[in-house]
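A.B. asks: In case you want the letters, here they are:
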Amino acid sequence: MQVVFQITSGEPDVQLSMLGQLHNLLQQAAVTQTRIGVEVVVHGHAWNLLLINGNPLSEKVQSLQERAVKFLICQNTLNSRQLPISQLLPLTEIVPAGIFHLIQRQQEGWAYIRC
Amino acid sequence: MQVVFQITSGEPDVQLSMLGQLHNLLQQAAVTQTRIGVEVVVHGHAWNLLLINGNPLSEKVQSLQERAVKFLICQNTLNSRQLPISQLLPLTEIVPAGIFHLIQRQQEGWAYIRC
Amino acid sequence: MQVVFQITSGEPDVQLSMLGQLHNLLQQAAVTQTRIGVEVVVHGHAWNLLLINGNPLSEKVQSLQERAVKFLICQNTLNSRQLPISQLLPLTEIVPAGIFHLIQRQQEGWAYIRC
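Those protein sequence lines, which keep their order, are chains A, B and C.
Heads up, the first sequence is in my numbering, so the first residue is 1 and it goes up one at a time.
Heads up, the second sequence is in my numbering, so the first residue is 1 and it goes up one at a time.
Heads up, the third sequence is in my numbering, so the first residue is 1 and it goes up one at a time.
Same shape as in the complex, but just chain A (with noise of 0.2 Å):
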């Protein structure tokens, strides 16, 4: 089983609600032992959700990233908000294009959850 989310909203409630999903999606993978590949493929506003500081959020992303789920920021969100990467959490991976890879993905035969 494999999925990418998509994220791009600033919104804490938003990103709460997603973070509480995947929990969700992992605990009832575990319970019907089933293997499961996330990505999070985050843009748009949903950029303050990776910070490393003044991110609320922080401790839960870090959380699931060792539980294996990937987040992935967009290149062209880092370059319009010139933010650099450094500024993130250490496992965030970047990706050129956000849409382009959420197509790509589901081409591949990934299921697709729009947040």
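Hints should not be assumed to be uniformly reliable.
Stretches of chain B that chain C covers, calculated by requiring three or more beta carbons in the stretch to come under 8 Å of a beta carbon on chain C [as the list claims (entries may be wrong)]:
#1 25–32
#2 103–115
Dumping the calculated SDA-like pairs for lysine to any residue here, alpha-carbon to alpha-carbon at most 20 Å [claimed, not checked]:
#3 A:K60 <-> B:S80
#4 C:K70 <-> C:N55
#5 B:K70 <-> B:Q107
#6 B:K60 <-> C:S80
#7 A:K60 <-> B:G44
#8 C:K60 <-> A:G44
#9 B:K70 <-> B:I94
#10 C:K70 <-> C:T92
#11 B:K60 <-> B:S9
#12 B:K70 <-> B:G10
#13 C:K60 <-> A:S80
#14 B:K60 <-> C:G44
#15 B:K70 <-> B:L89
#16 C:K70 <-> C:T34
#17 A:K70 <-> A:T34
Residues of chain B clear of chain C, computed beta-carbon distances all greater than 12 Å [claimed, not checked]:
#18 G10
#19 P12
#20 N53
#21 G54
#22 L57
#23 E59
#24 K60
#25 Q62
#26 S63
#27 Q65
#28 R67
#29 A68
#30 L72
#31 S80
#32 L83
#33 I94
Keep in mind the hints are simulated off the structure, nothing from the lab.
Here the structure is a predicted model, which means the values were calculated and not measured.
Heads up, the beta-carbon is just placed ideally off N, CA and C, and yes, glycines get one too.
Given the structure of chain A, go ahead and fit chains B and C onto it with the hints provided.
C.D. replies: Below, chains B and C without anything else, positioned relative to chain A:
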């Protein structure tokens, strides 16, 4: 043709718009003589869409249920709101984790519509 | 690579963000020499994106149309708003039911992006 809808919004506007889309979908399926399976995963704030009492949209939901649209509520949503299933429309079904079900369906080849 | 976008929002912010994503997508497809087919299903409140007059985004839409992005409007949307197709940008195409088309495309193997 098989499709799973996802709704998380508690706003009547969004809910009404989804019910209209489901109606249009069934109509177009009838016109083109297409067999279609439809499920709606209800989670997050959207649970009020399935209430028996005080729910202005309950008739529309039931009319869709009679036309073979399945409405599924997430067990996690019931738990976190301490909502007994007896308060929900009788044909409502339960899935352990809404997100997990949405992914499973897509991996089985179902289309996905995010409301 | 084939993808269908869905937009239902009438807000310029959301619409502009989608046009930016389409631009980034085409650019990344060019960089990676990927052939890509793109359709945008416009329904609900999003119809104003395709207006000829009084539409600040019309030039951007037309520039994407010239780069082979197809914009499709839902007949149900035209009907419910009594909107004549003559008020919409000339390359706009009509689909009988937007949701039906979105599902059909996914079942044909297209990826799906919800705006």
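A.B. asks: Work down the list of hints and note, for each, if the structure agrees.
C.D. replies: Results of checking the hints against the structure:
As drawn, the region 25–32 of chain B meets chain C at 6 residues by the rule of a beta-carbon pair under 8 Å; at three or more, the given contact holds. By the rule of at least three residues with a Cβ nearer than 8 Å to a Cβ of chain C, the coverage given for the region 103–115 of chain B holds, with 5 such residues. Straight-line distance between C-alpha atoms of K60 (chain A) and S80 (chain B) comes to about 19 Å, which keeps the hinted pair within the 20 Å bound. For the suggested pair K70 (chain C) and N55 (chain C), the alpha carbons sit about 18 Å apart, so the restraint of at most 20 Å is met.
The straight-line distance between the Cα atoms of K70 (chain B) and Q107 (chain B) is roughly 19 Å, inside the 20 Å bound, and the hint therefore holds. For the suggested pair K60 (chain B) and S80 (chain C), the alpha carbons sit about 19 Å apart, so the restraint of at most 20 Å is met. The hinted pair formed by K60 (chain A) and G44 (chain B) meets the criterion: a straight-line CA distance of about 19 Å does not exceed 20 Å. For the hint pairing K60 (chain C) with G44 (chain A), the CA-to-CA distance comes to about 19 Å; that is within 20 Å, so the pair holds.
For the suggested pair K70 (chain B) and I94 (chain B), the alpha carbons sit about 10 Å apart, so the restraint of at most 20 Å is met. Restraint check for K70 (chain C) and T92 (chain C): the C-alpha separation of about 7 Å stays at or below 20 Å, so the hint holds. Between K60 (chain B) and S9 (chain B) the CA atoms are separated by roughly 17 Å; this keeps the pair inside 20 Å, and the hint holds. Proposed proximity of K70 (chain B) and G10 (chain B) is supported: the alpha carbons are some 19 Å apart, at most 20 Å.
Restraint check for K60 (chain C) and S80 (chain A): the C-alpha separation of about 19 Å stays at or below 20 Å, so the hint holds. Taken as a hint, the K60 (chain B) and G44 (chain C) pair is honoured in the structure, with Cα atoms around 19 Å apart against an allowance of 20 Å. Proposed proximity of K70 (chain B) and L89 (chain B) is supported: the alpha carbons are some 11 Å apart, at most 20 Å. Between K70 (chain C) and T34 (chain C) the alpha-carbon distance is near 17 Å, which keeps this suggested pair within the 20 Å criterion.
Proposed proximity of K70 (chain A) and T34 (chain A) is supported: the alpha carbons are some 17 Å apart, at most 20 Å. Its beta-carbon lying about 18 Å from the closest one in chain C, G10 (chain B) satisfies the requirement of being farther than 12 Å from that chain. Distance to chain C confirms P12 (chain B) as a non-interface residue, since its nearest Cβ pair spans about 15 Å, more than 12 Å. Against chain C, the non-interface label of N53 (chain B) holds: every CB pair exceeds 12 Å, the least being about 29 Å.
Non-interface status of G54 (chain B) relative to chain C is upheld: no Cβ of that chain comes within 12 Å, the nearest being about 26 Å off. The claim that L57 (chain B) lies off the interface holds: its Cβ sits roughly 17 Å from the closest Cβ of chain C, which is beyond the 12 Å cut-off. No Cβ of chain C comes within 12 Å of the Cβ of E59 (chain B); the nearest lies about 20 Å off, and the non-interface call holds. Its beta-carbon lying about 16 Å from the closest one in chain C, K60 (chain B) satisfies the requirement of being farther than 12 Å from that chain.
Distance check for Q62 (chain B) against chain C: the nearest CB is about 21 Å away, which clears 12 Å, and the non-interface claim stands. Remark: the non-interface label on S63 (chain B) is consistent with the geometry, its nearest Cβ contact in chain C lying 17 Å away (cut-off 12 Å). For Q65 (chain B), the requirement that its beta carbon stay farther than 12 Å from each beta carbon of chain C is met, with the minimum near 18 Å. For R67 (chain B), the shortest C-beta to C-beta distance to chain C comes to about 15 Å, beyond the 12 Å cut-off, and the non-interface label holds.
Against chain C, the non-interface label of A68 (chain B) holds: every CB pair exceeds 12 Å, the least being about 16 Å. The claim that L72 (chain B) is not at the interface with chain C holds, since no C-beta of that chain comes within 12 Å of its own (minimum 18 Å). With a cut of 12 Å on Cβ distances, S80 (chain B) stays outside the contact zone with chain C, its closest approach being about 24 Å. Residue-level check passed: L83 (chain B) sits 27 Å from the nearest beta carbon of chain C, beyond 12 Å.
Residue placement check: I94 (chain B) keeps its beta carbon more than 12 Å from all beta carbons of chain C (closest about 25 Å).
Consistency note: the structure conflicts with none of the earlier hints.
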